[in-house]
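*Asks:* Chains as they are written, first to last, in the numbering used here: chain A, 1 to 198; chain B, 1 to 198.
Just so you know, the hints here were simulated from the structure itself, not pulled from any lab data. One or more hints might be untrue.
If chains are identical, the list can't say which one is meant, so a pair holds when it fits in one copy or spans any two.
Pairs of lysine-lysine residues, derived as DSBU-like cross-links and limited to a Cα-Cα distance of at most 30 Å, are as follows [stated by the list, open to error]:
1. 146 to 3
2. 29 to 143
3. 143 to 3
4. 146 to 17
5. 84 to 5
6. 85 to 146
7. 84 to 3
Okay, here's what each chain looks like letter by letter:
Number of protein chains: 2
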Amino acid sequence: MQKGKTFIISGPSGVGKSTVLKSLLERRKNVYFSVSATTRAPRDGETDGVHYHFLDVDTFRSWIARDEFLEYAEYVGNFYGTPKKFVDAAMEEGKDVILDIEVQGAIQVCSKRPDTVRIFIAPPSWEELERRLTERGTDDPDKVQKRLLRAKVEFQTAHTYDYFVINDTVENAVNELDAIMTAEHCKPQERMEIISQQ
Amino acid sequence: MQKGKTFIISGPSGVGKSTVLKSLLERRKNVYFSVSATTRAPRDGETDGVHYHFLDVDTFRSWIARDEFLEYAEYVGNFYGTPKKFVDAAMEEGKDVILDIEVQGAIQVCSKRPDTVRIFIAPPSWEELERRLTERGTDDPDKVQKRLLRAKVEFQTAHTYDYFVINDTVENAVNELDAIMTAEHCKPQERMEIISQQ
């Protein structure tokens, strides 16, 4: 059995990443979508282990001390992180792992695991991203402008990613992500067992 | 329009490469399958520009002198080579190019064009390759053993290829080749125009 690989998928707020990832997970079975750990309190309808692994602050700190996170960050007073153990267990079972994390987290993961594949999902244009952020109606115009600015900053590092998927249509974006995951399993280092048998 | 990319596809005799490539070309349109130039005489049913570009020796030599080949070799008294001009014209039209060439030719192409993607098609095992070579019935046992030995030598360099496709079934092999070609167009350097617009 071939071991799973880890894929980081980053992209600016409003790019349509959740829709694309939902559709990707329907198409590709045998994928573990990583569940983050957090110290923030569960909200109504959130289940431990499904939406987040809910940890108290002492536990979170002890996991940090034992190097049990691939990446973590503090955000408005709460910790968020990607636990290694679930990722590693899935890969051992032959599942590919998807980490939905932003640029800073991606840098942390890749410094620990250089063989992680990084994919950036980008909008077809800034105008289109602004339109999507405005149309979803969750942010006022000021907040939309802040999100756009943040997206432009993130975008500066996009060229360091391994792949660059344009979300012009969900179908195109999912086709490309699906192809990237298949292609990455064809790299010689993924097939050394078969190569060395011959 | 995105420019085409060139993909070298190598693999040992008997691996089933022609069947796989035929099926790949049916699935992916907008692909130019490179036609080699040769100085050998046309055989019955062979058409100039379709099976080969048939050249006389002086013309072939003048093309070599003008660096008009991506790679060339002499084989039992005849020259064979990949003319640059048809490859370049196809890529300018946005077509991907497939070069069906062996390991030595691949090295020549990549020294001139390092952005060429190299894919090695391998059998699931040596036993299976031997079975396929024997079953097609075109070679006597001695010739089969020679082909196997040659395949083992070629295989030594397979780990230097970018991708490694196992032809266990034609469908799997074509799926992987198709995915690799799609994924390669998602590399940041292929999308600099879009990246720099943003």
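*Asks:* All the hints need checking, so say for each whether the structure fits it.
*Replies:* Here is how each hint holds up against the structure:
1. In the homo-oligomer, the alpha carbons of residue 146 and residue 3 never lie at most 30 Å apart, since the shortest distance is 40 Å inside one protomer and 35 Å across protomers.
2. Taking the shortest Cα distances, residue 29 and residue 143 never come within 30 Å of each other, neither inside one copy (36 Å) nor across copies (44 Å).
3. Taking identical chains as interchangeable, the C-alpha atoms of residue 143 and residue 3 are never at most 30 Å apart, the minima being 42 Å within one chain and 38 Å between chains.
4. For the identical chains of this complex, residue 146 and residue 17 are intra-copy neighbours only, at 18 Å inside a copy versus 53 Å across copies, given an alpha-carbon limit of 30 Å.
5. When the C-alpha separation of residue 84 and residue 5 is checked against a cutoff of 30 Å, the pair qualifies only within one copy, where the shortest distance is 13 Å, while the shortest distance between copies is 37 Å.
6. With identical chains, the CA atoms of residue 85 and residue 146 are never at most 30 Å apart, being 35 Å at best within one copy and 49 Å at best between copies.
7. With identical chains, the CA atoms of residue 84 and residue 3 are at most 30 Å apart within one copy only, with a shortest distance of 16 Å there and 40 Å across copies.
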